[in-house]
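Chain R is already provided as a structure; the job is to place chain Z on it using the hints.
Chains as they are written, first to last, in the numbering used here: chain R, 473 to 902; chain Z, 473 to 902.
Treat the hints with care, as some may be off.
Here chain Z is said to cover these stretches of chain R; the calculated rule only asks that three of the stretch's residues, wherever they fall, bring their Cβ under 8 Å from a Cβ of chain Z [claimed, not checked]:
(1) 653–659
(2) 860–868
As a list, the in silico DSS-like pairs of lysine-lysine whose alpha-carbon atoms are at most 27 Å apart [what the hints assert, rightly or not]:
(3) Z:Lys691 / R:Lys485
(4) Z:Lys485 / Z:Lys691
(5) R:Lys691 / Z:Lys485
(6) Z:Lys756 / R:Lys902
(7) R:Lys485 / R:Lys499
(8) R:Lys691 / Z:Lys756
Think of the hints as simulated: they come from the structure by calculation, not from any bench.
Backbone N, C-alpha and C fix where the C-beta goes; we use that ideal spot for every residue, glycine too.
Here is what each chain is made of, one letter per residue.
2 protein chains.
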Amino acid sequence: MNSKQPDNADAGKLREIARKAREASYKLAALNTGGKNRLLRELAGLLEQKTPEICAANAVDMREAEDAGLSGAMLDRLLLTPERLAAIAGGVRHVADLEDPVGRVPDGRDLDCGLRLFRRCVPLGVVAAIYEARPNVTVDISALCLKTGNAAILRGGGETGHTNRVLAGIIRQVLLRNELPAEAVQSLTDPGRAQLEALLRLDADVDVLILRGGAAMQKFCREHSRIPVICGGIGLCHIFVDKSARQDLALPVLANAKLQRPGVCNSMETVLIHADIAAEFIPKMLAYMGSRGASFHPDAGAQAYFPADCPYPVRPLAESELEREWLTPDMNVIVTPDLDGALWHIRRHGSGHSDSILTENMETAERFIREVDSAAVYVNSSTRFTDGAEFGLGAEVAISTQKLHARGPMALEALTTYKWIAHGDYTVRK
Amino acid sequence: MNSKQPDNADAGKLREIARKAREASYKLAALNTGGKNRLLRELAGLLEQKTPEICAANAVDMREAEDAGLSGAMLDRLLLTPERLAAIAGGVRHVADLEDPVGRVPDGRDLDCGLRLFRRCVPLGVVAAIYEARPNVTVDISALCLKTGNAAILRGGGETGHTNRVLAGIIRQVLLRNELPAEAVQSLTDPGRAQLEALLRLDADVDVLILRGGAAMQKFCREHSRIPVICGGIGLCHIFVDKSARQDLALPVLANAKLQRPGVCNSMETVLIHADIAAEFIPKMLAYMGSRGASFHPDAGAQAYFPADCPYPVRPLAESELEREWLTPDMNVIVTPDLDGALWHIRRHGSGHSDSILTENMETAERFIREVDSAAVYVNSSTRFTDGAEFGLGAEVAISTQKLHARGPMALEALTTYKWIAHGDYTVRK
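Next comes chain R alone, as it looks inside the complex (with noise of 0.2 Å):
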């Protein structure tokens, strides 16, 4: 297959399925609060009503992954449970239940030629996503596009194919039985590359591109695609461990960020040691963070701190690893002189997702606010926050990295867009 131009079949049928989603969205957008809810709850309903049908589809996605090898994580991840269904359906009613943000008017004004002019919150209209094999995200985001009016074009992990089709199948069903476009949600389930090449040349239909999962995806999704995107959820974050910090707290805060759920984006990667606190503080944090099961790569400068006899795992640091997402519990250890250094240092490694200082000096806890250029900043945090939900935003489709349209954790909001509307009396320009 040549990677520069999809095989015309693929190309046609996915601009029919673009353009299909585009007819669904302008009847998604002239739906009310109440109906989009009802449409929800009845979502929600049948997802608890068809449990047997989807743990089976979800039961052949399992098999086939074990049989191709996938990690534990990647197992459970992909993995459905009764109960984890009905937390599913749960999401959806929680979507129901948050305020729609479509139709809002921020703001608006009377202007001297006569026009009277105000702003009206608006669906983006077609929105797709390209997500890793978690069978819950097609459930997440299909109820978040639909709550906004959005028609979706879905595209999750191949290994979710079963599952995603059972699905997508019950979205219709729901669609069909209000009347609405069966186009409204589509699901892509083949895992080719053609598909995708397909996918992102769309940008006559599809409004936007979220982009969830693994970092080579994005990087070949940012330069190929024509679609507005927005990436998300590649977290290299870093807390930086100031001279002045409280040593016996900070230790708790990076097993918090470290340990405790290693695999998700806003874990820790790196910690940064001021050098004045160095020898005191690494074989504290060794000690501490060791009998929790971390493992340690230090770079040069931090190696000279370590213990020859470390009875804690330590592989010194290859310069490629500092961008590299662990998603383990090994962590990175890196001294620096000074905050100037830190900030150097996520400038340069960061992916600009969440990193924090652990300081008692105001003065240089603002600098680091003021120049770190992360989505979220921490002072004397963990960085296990940066969350839909944890920052009380009540749901959550990504978390950008970017600094268009949305940063940050992505909400409602982040799927609506908005229109000028004016009205005037045969209304000319002066």
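Just chain Z now, kept in the frame of chain R:
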């Protein structure tokens, strides 16, 4: 020159420019509002003081443009006079007077976990802009970027090379006088395609690319840019004359939209006429608009209503012209059976800029507002108002025709993003 791989010298030079812009952006972001405003007022003064030097450089550009056979409209855009320069300097002072969006806190809350969370409005970082051969835009965008603490990389039309070089020199002088890096505003004056392609790959250090100017250039950049782009200023604007419209009042609105300033993006290209009034309205429109200089391009349906001996220029509309920005007194005339036909046409052929309905039927107006998917939707008004100054925004970077980040006239706020800031007390996630 290979169109896929810009040569390495260009690419390397551009990367260095972008890297220095990124460094400079950190200094700009640290400026307070007073400091930025002083800088802008100094710039306005120096522009006035250097009027002879700027006009001399502009005369060289004008001479070369005349030799190259540029159109009168393009020459007029290129020309700087002492009066125009005074207006440009006045515009810079006006930007200094505007409220600074940077530092605003749109919202915040105390979380149950103990974190104090808020969002703070911050500069985007490094803004690149590609724009038409209008030297005033060089100063406008520089001023707007400096006001919002962004570094700028500017690529104006090749025809303004001499003028832009002098303007960039003046901006650099003001930056250096204020102990700021000269690389905060950099102007690219190599018009080659290789440089453009290298620019589009600078996603590591450029946060947004603003595209003004020709449709073909915008399409190329949208397809090849790795930097998030904001497209603006392509205006295929429609007015739908509903059967209930007050025809005597509709005529001056059409004349204003088409003829007041045909060369701008918010002027009308196509009038859509409800079939029920076509026989009555079209002859009146031909007389009113024709006597004021319009040329007509009727589609097959509209031609039936044109007299054989029409005294004004008439040429049947070619399908390909439906998506052509005329920028002249030419206008397309289309008869549509009903509102649905008009909506279909606008969705299919519009550019999402500005569209208007003339009607006395409020239900029809409401459907038009809801279903036309454009940045600005008007009822009983000319389309000519879509403009930052007219909308009361005080400034305009571009008029976005896309939905992400900013839509319609983009003012200072569109040059900012936000970061989430959280203060804790060595807080960990449960």
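Here is what the structure says about each hint:
| no. | hint | result |
| --- | --- | --- |
| 1 | 653–659 | violated (count 0) |
| 2 | 860–868 | holds (count 3) |
| 3 | Z:Lys691 / R:Lys485 | holds, 23 Å |
| 4 | Z:Lys485 / Z:Lys691 | holds, 25 Å |
| 5 | R:Lys691 / Z:Lys485 | holds, 23 Å |
| 6 | Z:Lys756 / R:Lys902 | holds, 23 Å |
| 7 | R:Lys485 / R:Lys499 | holds, 22 Å |
| 8 | R:Lys691 / Z:Lys756 | violated, 57 Å |
Consistency note: the structure conflicts with the earlier hints numbered 1 and 8.
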